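Taken in order, these protein sequences are the chains called W and V. So in our numbering, the last spot in the first sequence is 458, and the numbers never skip. So in our numbering, the last spot in the second sequence is 160, and the numbers never skip.
Rather than coming from a laboratory, the hints here were simulated on the basis of the structure. Any given hint could be a false lead.
[Claimed, not checked] Okay, derived cross-link-like pairs now, SDA-like style, lysine to any residue, Cα gap no bigger than 20 Å in a straight line: (1) V:Lys132 to W:Gly405; (2) W:Lys416 to V:Gly81; (3) W:Lys416 to V:Glu34; (4) W:Lys416 to V:Lys59; (5) V:Lys132 to W:Lys416; (6) W:Lys416 to V:Glu43; (7) V:Lys132 to W:Asp377; (8) V:Lys95 to V:Phe36; (9) V:Lys138 to W:Thr209; (10) W:Lys416 to V:Lys80; (11) W:Lys371 to V:Lys132; (12) V:Lys132 to W:Cys414; (13) W:Lys416 to W:Glu66; (14) V:Lys80 to V:Pro38; (15) V:Lys138 to V:Val45; (16) V:Lys132 to W:Asp402; (17) W:Lys416 to V:Gln63; (18) V:Lys59 to V:Arg20; (19) V:Lys132 to W:Met194; (20) W:Lys416 to V:Arg20; (21) V:Lys80 to V:Lys132; (22) V:Lys80 to V:Lys95; (23) W:Lys416 to V:Lys138; (24) V:Lys54 to V:Ile11; (25) V:Lys80 to V:Leu39; (26) V:Lys138 to W:Lys371; (27) W:Lys416 to V:Leu25; (28) V:Lys59 to V:Ser99.
[Claimed, not checked] Which chain V residues stay away from chain W? Per the calculated CB distances, all over 10 Å, these: (29) Arg9; (30) Glu24; (31) Gly41.
None of these values were measured; they are calculated from a predicted model. Glycine included, C-beta positions come from ideal geometry on N, C-alpha and C.
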Amino acid sequence: MGRPATLRIRGVRPHLAPYTENVSAASDTLAESAGRQPSVGTSRRPARRLEVAAIKSDFPVLDRQEGDDLVFLDSAASSQKPIAVIEAMDHYYRTSHANVHRGVYRLAEQATNLYEAARSKVGRFVGASDPSREIVFTKNATEALNLAVRSWGRANLRQGDAVLLTEIEHHANLVPWLMLAEEIGVELRYLRVMSDGELDLSQLEQKMTGARVVSFTLCSNVLGTLVPVEPIVSAARAAGATVIADGAQFVPHMRTNVRELGIDMLAFTGHKMLGPTGVGVLWGKAEVLESMPPFLGGGEMISDVRLDGFTPAELPLKFEAGTPPIAEAIGLGAAVDYLDGLGMEAVRAHELQLVEYAMRRLAEDHGDRLKIHGPQDPERRGGVLSMELEGVHAHDLSQVLDSRGVCIRAGHHCAKPLMRCLRVGATARASLYVYNDESDVDALSAALSEASAFFGLR
Amino acid sequence: MSGLEDLYREIILDHYRNPRNDGELPTPPAQRAEGFNPLCGDEVVVYAEVDGDKLRDVKIAGQGCSISRSSASMMSVAVKGLSTTEVREVIRTFKAAMSMHESQLESDEALPGPRADLSGLGDLAALQGVVKFPVRIKCATLSWNTLAQCLDQAEQAAGS
């Protein structure tokens, strides 16, 4: 693979280069876009190659001087943070902090402007038509889903109403529904997962019949399965069902446009997309959010409070009770800028190429001793590799890998029902992101060989 | 692999590959209790047959990592045939060995020492190295907590 000349794009450091076979076309597009800000989240540029060495240098933790080099392969749990995000938050606290939407003094106005600018950036990133009303900041994706389930569910569901979920959901999109089922007695239905990690859509229409809402993940955090959105949304529309999507593992990795997806609500989190912990997002169509009652009560979410009642605030503050995660939202805004600089098409192209390499390399080095769950076609999956190494429990594998600086996740990945479907107690999950390259996959494979040897399998 | 040999002693791997007292017991007369490690999904099922004040038989089922499985296997060997009072004493000793003072965890000094000594407990002494890997301590203690639960159930059954 040749290394084409790097290009400067919109003030972002030269982390992108056109694919060699596509140099002239990509250069033309870059020249066109150089002088203007492309419409974020909806732009369709030819995918370019990420310059991973340059990207790695933006992430201080990857350069820490402790023991072995850090091979970080756990971004599906939480990604690392680039300097731009760390500095945006640091700069905010050093120069602009005050509570938002309260003070009339200039400092408070400055903080409010930064917070609301972050809301706009995040909204544009996912293609929201009205970011200033449709983006609700929460604590994380879990809280965003709880907001959707509790508020929308309580207002719209009655005993016996059907809710369609899937067997591959994270606990965050299961437990809130189970709680609601206990409370008001809704019927939970599930799209089944097949042994290849794909959802069985053969009974989609039947299961959607009479369902009031369907709530599903866009990308499995265990299997990497990219869920086919179009047929589910079509069936939901035909049945008149509301569509809620869990984008925690999707938004950080794929170009996302909520209008093109045709969904009603989308939950995702900042810390898996280069942003800080402590901030998540619920996007909802304005008319859907308008129809929902408040979730948490307190300051900021009201327009009037009397001793005998209250009037909720307008969107989106209606859903943002109490002082919000201001610095975190600003950090997330910086993360979105960073990802926009790379281009989400390029991020996906990079991860796809890396997953292809990883699956080929791991199969060559470990053969049948290593099972990788989920779709075997890299095009059908995100950058998540759930592995089982023969004779070595995931915990032990993770421990041996850690002794080589390789960070992976071992366990049930907060998806116990899915693990039961797979008939495994735990898997070892390696997940890829913008700062990973083939050298990280090579280090993983070498460490897997050492684990096999250590447990006496060779 | 520096450090790993402290965790994965040969005797631990032996108990992992060849678990002792693997299986189930009919309930009743045996008590059955399940233990879960919510962090990782490890599950252990302990069967304990208490006859009077004696732990007549113990069997272990479930699935888990080498540390949780070997700890359960060694535990079954160590406690089978003891009086329930002696079993509780062994559980206390083992759990004390696996627990650490926070000050020990926070200090940068040499690896924290256990508060209790496992040297009198045969193969179990091999698990002493687990305290150097704090996230694995829950793996080692899972079956012990579950055995204690079995004893509580047996006491309740005898008392009722």
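Distance restraint between Lys138 of chain V and Val45 of chain V, which requires alpha-carbon spacing of 20 Å or less: Between Lys138 of chain V and Val45 of chain V the Cα gap is close to 15 Å, so the pair holds against 20 Å.
20 Å limit on alpha-carbon distance, applied to hinted pair Lys416 of chain W and Gln63 of chain V: Measuring from Cα to Cα gives roughly 14 Å; hence the hint holds.
Satisfaction of hint between Lys371 of chain W and Lys138 of chain V, Cα-Cα up to 20 Å: Violated: Lys138 of chain V and Lys371 of chain W sit about 27 Å apart, past 20 Å.
Given pair status - Leu25 of chain V, Lys416 of chain W, alpha carbons within 20 Å: With a Cα-Cα distance of about 27 Å, the restraint between Lys416 of chain W and Leu25 of chain V is violated, given a limit of 20 Å.
10 Å cut-off, C-beta based - Glu24 of chain V kept clear of every residue in chain W: Answer for Glu24 of chain V: holds, closest chain W Cβ roughly 18 Å.
Separation of Gly41 of chain V from chain W, once the least beta-carbon distance is taken, above 10 Å: Non-interface label fails for Gly41 of chain V: nearest chain W Cβ at 4 Å, not farther than 10 Å.
Satisfaction of hint between Lys132 of chain V and Lys371 of chain W, Cα-Cα up to 20 Å: violated, 30 Å
Pair hint outcome, Lys416 of chain W versus Lys138 of chain V [Cα-Cα no greater than 20 Å]: holds, 19 Å
Proposed proximity, Glu43 of chain V with Lys416 of chain W (alpha carbon, max 20 Å): The given pair, whose Cα atoms are some 12 Å apart, holds under the 20 Å limit.
Straight-line alpha-carbon gap Lys416 of chain W to Glu34 of chain V, limit 20 Å: With Cα atoms ~16 Å apart, Lys416 of chain W and Glu34 of chain V stay inside 20 Å; holds.
Holds or violated: Lys80 of chain V to Pro38 of chain V, with C-alpha atoms at most 20 Å apart: violated, 27 Å
Pair hint outcome, Lys132 of chain V versus Gly405 of chain W [Cα-Cα no greater than 20 Å]: holds, 17 Å
The structure fails hints 2, 4, 5, 7, 9, 10, 11, 12, 13, 14, 19, 20, 21, 24, 25, 26, 27, 28, 31 (numbered hints given earlier, in ascending order).
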